[in-house]
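Q: Sequence:
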Amino acid sequence: MTRGAGVRATARIVATPEGLPVLAGAGPLALRRTRATGDRHRVTVVGAMSAPLGGDRIALEADVRAGTRLTVDSAAATIALPGRGGERAHYDVRLRVDQDAELHWLPEQLISAHGGDLRMRTRVELAAGARLVLREEQILGRHGEEPGTLVTRLTVHHAGRPLLDQELAYGPGAPGGWDGCAVLGGHRAVGQLLVVDPELVDEPVAARPLGEGAVRTPLAGPAYLVTAVAPDARLLRRVLDEALTAERDRSSRLSVR
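Adding 1379 to a residue's 1-based position in the sequence shown gives its number in this note's numbering.
Since the hints were derived computationally from the structure, they do not count as laboratory data.
It is possible that part of the hints are untrue.
Simulated DEER-style distance windows between Cβ atoms [to be verified]: (1) G1559 <-> T1413: 37 to 43 Å; (2) D1628 <-> A1403: 32 to 38 Å; (3) A1415 <-> D1544: 21 to 27 Å; (4) G1446 <-> L1614: 36 to 42 Å.
We treat Cβ as the ideally placed atom computed from N, Cα and C, and that holds for glycine.
With these hints in hand, go ahead and build the complete structure from the sequences.
A: Following this line, the structure appears as C-alpha cells:
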C-alpha cells in the first residue's frame, strides 16, 4: 500500500512456555527474537520504516499464555511524524496476560514531532494471577521544536475488572492548560511505570514522592503507578529506571521468603 493511503498493519506475538509460536511482524513493525536469561523469552520491536506517519493505522498485539515470562522492548524510539495531507495516525497496542504469566513491556520513547497528530491506545487484559511491568515515555517535540498533537490512552483490566483508565493529551488541539504549572510545568518528557503483581495484595506499597518530579501511587488492586515528568528524555529515563530497579529489588525479596 502506498504512503498516500497510509499503512495498515498489525504485528502479533504469542508466547508460551515452550517458545514463540507466533512472531509475525507487519508493515513498519519488525519483530526479532533476542537474547534473554533463564526461562524468559524476549522480543525486540525494530522499525522497518518511518512510522507512524499521518494516515497510518498500525497495531501490535501480544498474547502471553499461562506460565510464560516475556519481555518486549524496542531497538529505538518511535517518532510520530506528520503525513503529506495532515491526516491523523493511529497506533493500537493490545496486550493479554494469562494466569501465572508475566509480561515486561518496556519500549523506547515515543517522540511527538512537530506537525504530527497521533492517537495511541494501549489496552491490557490481565488474568487474576498475571504480572505486568509496563513503561510508557512520551517526549514532546524533538530538540528545539514544539510538539505535535499527541493523545494517549491506557486501559487496564485485571481479573475482568477495571484497574486503570487514563487519557493524556498534549500539543496543539489538546485541552487548554496542558503545559501549565499544574500539569507539565514546561517539562517536555512525561512517563509512567505500571506494576501489577498479586503479591501486592499482602505487601502493598505506600504512596510517596520519588524526587522532584515523580510520585508513586497505589491503585485499587494489586498494583501501583509511578508517574514522572522531566526536562528531557535522559532525566525521565533515570527516574523510571530507579523505580524499575526498586521494583526488581522488591520482587527479589519476596521470592526468597
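Q: List, from low to high, the hint numbers that the structure doesn't satisfy.
A: Violated hint: only 3; rest satisfied.
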